[in-house]
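Colleague: Listed below are the residues making up each chain.
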Amino acid sequence: MDLAALDRIVGRDHVLRGRAELLPFESDGLTHFRQRPRAVVLPGSTEEVSAVVRWCVATGTPFVPRGAGTGLSGGALPCATGIVIELARLNKILEVRARDRLARVQCGVVNADLSVAVRPLGLHYAPDPSSQSACTLGGNVAENSGGPHTMKYGTTTDHIAGLRVVTTDGAIVELGGPLAELPGVDLVGTFVGSEGTFGIATELWVRLTPNPPVVRTFLFAFSDIEAACRMVSRIVADGILPAALEMLDKTTIEVVEASVLRAGYPTNADAVLLCELDGVAPQVEDDARRVRAIAADSGAFETREATTGEERLKLWKGRKGAFGALGRLSPDLYVQDAVVPRSRLPEILRKVKEIATAEKVRVSNVFHAGDGNLHPNISYDGRDKDEVARVVRAGERILAACIEAGGSLSGEHGIGMEKRDAMGLLFSPDDLARFGQVRRAFNPLGLCNPDKVLPGAKVCVEFRHGVAIEGVTH
Amino acid sequence: MAPRPFEVGAAAGAAAGAALGAACPSHAIEPASAEQLREIVIEANVADEPLIPVGGATAMAAGRPLLRRGMAVAMGGLARIVDHSPADFVVTVEAGCRFAALQAELLRHRQWLAVEPPDREQATVGGMVAAAATSFVAAQHGTLRHHLLGVRVLHADGHFAKAGGRVVKNVAGYDLMKLHHGALGTLGIVVAATFRLRPLPAADLLDTAPCDDVETMAAFGDALARPGLVPAAGFFLGHLRAGALQGQLLARFQGARATVVDQAAAIEAAPGGARLAWKREVVEPEGARPRPLQSLAEAGSCANDGDAALLTLHFAPSRTREVAAALLRFGAGRVALDLVRGFGLLKLATDGADGALTKSLAHGLAALKGELAAAGGVLASQAGPAPLRALAPPSSLTPEGEKLYGALREELDPQRRINPGRWGA
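These protein sequence lines map, in sequence, to chains P and A. Just so we're aligned, residue 1096 is where the first sequence starts under this note's numbering, counting upward by one. Just so we're aligned, residue 21 is where the second sequence starts under this note's numbering, counting upward by one.
The hints are simulated quantities; they were obtained by calculation from the structure and are not laboratory data. You may find that some hints are simply not true.
Here are the in silico distance ranges between beta carbons for each label pair [claimed, not checked]:
(1) A:Pro230 with P:Arg1535: 53 to 59 angstroms
(2) A:Gly178 with P:Gly1106: 34 to 40 angstroms
(3) P:Gly1519 with A:Arg349: 55 to 61 angstroms
(4) A:Pro413 with P:Asp1365: 55 to 61 angstroms
(5) A:Thr418 with P:Met1096: 50 to 56 angstroms
(6) P:Pro1119 with A:Arg349: 55 to 61 angstroms
Virtual Cβ for every residue (Gly too), placed ideally from N, Cα, C.
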């Protein structure tokens, strides 16, 4: 591989090639899969991204775009014969139009940094994945990221007005823009969530959301998680649209409380439901009254409202830090992500419990209850090959159960490498062929993030803990 | 399932016929099921005949002119509500179902699909998806694309495929819902769609006031953007005459009863609002629509007005004053400006012929387009004679975007079987 050509495009300091330099790029947040790339290139402009992609096309080199590498489905897993295009240097907020509630940003801007920057204007960027302090907006576009507040505010796709994209042949294309209802085929919406397989979005027009005048955050504690799930359905059925409805089960509560997070969750609860209401005062007041009544009727044994901003942050810190806290249970954590219709939550949680018992694995649940978006987390020791095999099997069985219940493979983590071979559980061969055609239209040479999302190709990755997946090079 | 003459003289047909011109289908066929639709597509492939899917025929003029005459496929036979899960606030409905019929069914459960298109009685769900129908409550609820969770599509090769699903949050597979939304069927015929529903708002209040000057209109738009106001709609609706505008401001609030009253009071008391004569009306989910909402719907519809041209304006709300001033200089037509989102509908009377524009109209439109562009906006067209369509192209895709669309079309409908030419060759 002629890395000197890449040196000439981005400068020698921005081409990583040494073993130690490449190590952090061997995986994303899904550390099951690891693969060392031939090099990591850090372009500093859209034009440099374009030039790097053109070089890849000219040399037939596969390339994998990467933001912060916080993805949890292996979407940024390198290809053995290819390079990683790391976009962290494109980290500028280029323009904010407060009156129009828009910002133009580079793809490497960290999600939370944008909200911090526009806070003095009374605005924020609504999608708030748990990794928001690290993940980039470009990565959010690739994954169509969600977060706790997507129940009311939607996912990334609802907040992207336009994109500057480096196509898979290196052309620079403007899609959409800072205007409403632009006529024509919606290529922006089609691009969002394509997991880095349609090209590289280097600049984004994002929609900003006014900060709500009133925010009220409640904690409801239950001695039965199914009762908590039923409360979720009742809130929605009653016509209330909370900003967030988040659930933590007993195991999660215990580890959060034993950690530095100490959010103040009652450790005698089987489940805690966090409910956030926001909006204008009379609406929130009315909703709060009704939610309290539903909680009382649903068997909540404790109702607590955050009375200060500090208390509210503490409740959320526990929720957002829960995945990290689960590290206390075992050396490794497999964060699963699936969706079911909200009304099926109680039965699916029962099923998850049954599967965990049958496979002798430890599962804890922390999830976006309002969206039916489950995160069964399996704690395990990766050095124990038998346990790893059971973890993988349990994960597959949980996914199958969710699909059986009318759900889907992923609510927010994406398919990436992790679930591409499970796509056949949800989609027919005709469906998958259609996805393939659409990808081919955007990515005819197949060089851009190959092997992700769709089943089929055999790839050359090492599964960290020795559980075999495909072992043949492509 | 025998073809019958395509009725261009029916309520929707006049506009459709005028827009389709020489390529207007002479015959239509109405499948009673998705399987029958599949047979039609397969036969059309054998006969090398283009197919023109028709829902409520409210957006037949959208996109570019058809390149070939084909057979109209009336989708009205696929009108079932396939599955409604009130507990999950999700509905799956066949494409030919009338939007009004769907809403009526949902209303029984105090739920709704939170959009309000111009042709709510006539439009079909599939047609609204294909044509990316606008919504008059988009300021609060977004447009149809925000509610579309899944699609089932019949492709030009006669195979069905689905994308998305029936859950409210889903990133499994590519977002082909967005791809088909607004594609005018050129990438496949939407057979059924699944939508997220919302609870019916406890209260729905319309607040209107006469308005005849740009500054009052723009101040109203600014007021609607103030913190704490969450309008479902904020429009100027009126007529343009040489150097003058005449119309009304229209604010709509949905939510808890106390909230909507508070919000209406706030907008009435906002700078510039206090001197206006406001009129509040309750919008009932059933029954007659208040007159201003009917007028708004008429401003965005060409379905029953074959002689009308319809243009869309896309602009930054912060540039409302410049856009309004440009419209005043243009000085003709009926206008509905969404002051919250920066979206406008401009309806012009034409002579109905597909001939040349009058010199003054052509000059005025060119100037309006230029002034809009200078303010960072775009002028596009949804219906009208060919010269007008050429002046205000219906697609905002750049040439590179067109190339991507062309690649998609080549993959999904290489024979250009469905709606040939509607979004380009």
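Colleague: Against this structure, judge whether each hint is valid.
Modeller: Verification of the hints:
no.: 1; hint: A:Pro230 with P:Arg1535: 53 to 59 angstroms; verdict: 56 angstroms, holds
no.: 2; hint: A:Gly178 with P:Gly1106: 34 to 40 angstroms; verdict: 53 angstroms, violated
no.: 3; hint: P:Gly1519 with A:Arg349: 55 to 61 angstroms; verdict: 59 angstroms, holds
no.: 4; hint: A:Pro413 with P:Asp1365: 55 to 61 angstroms; verdict: 60 angstroms, holds
no.: 5; hint: A:Thr418 with P:Met1096: 50 to 56 angstroms; verdict: 33 angstroms, violated
no.: 6; hint: P:Pro1119 with A:Arg349: 55 to 61 angstroms; verdict: 59 angstroms, holds
Going down the numbered hints, you'll see the structure goes against 2 and 5, while the others check out.
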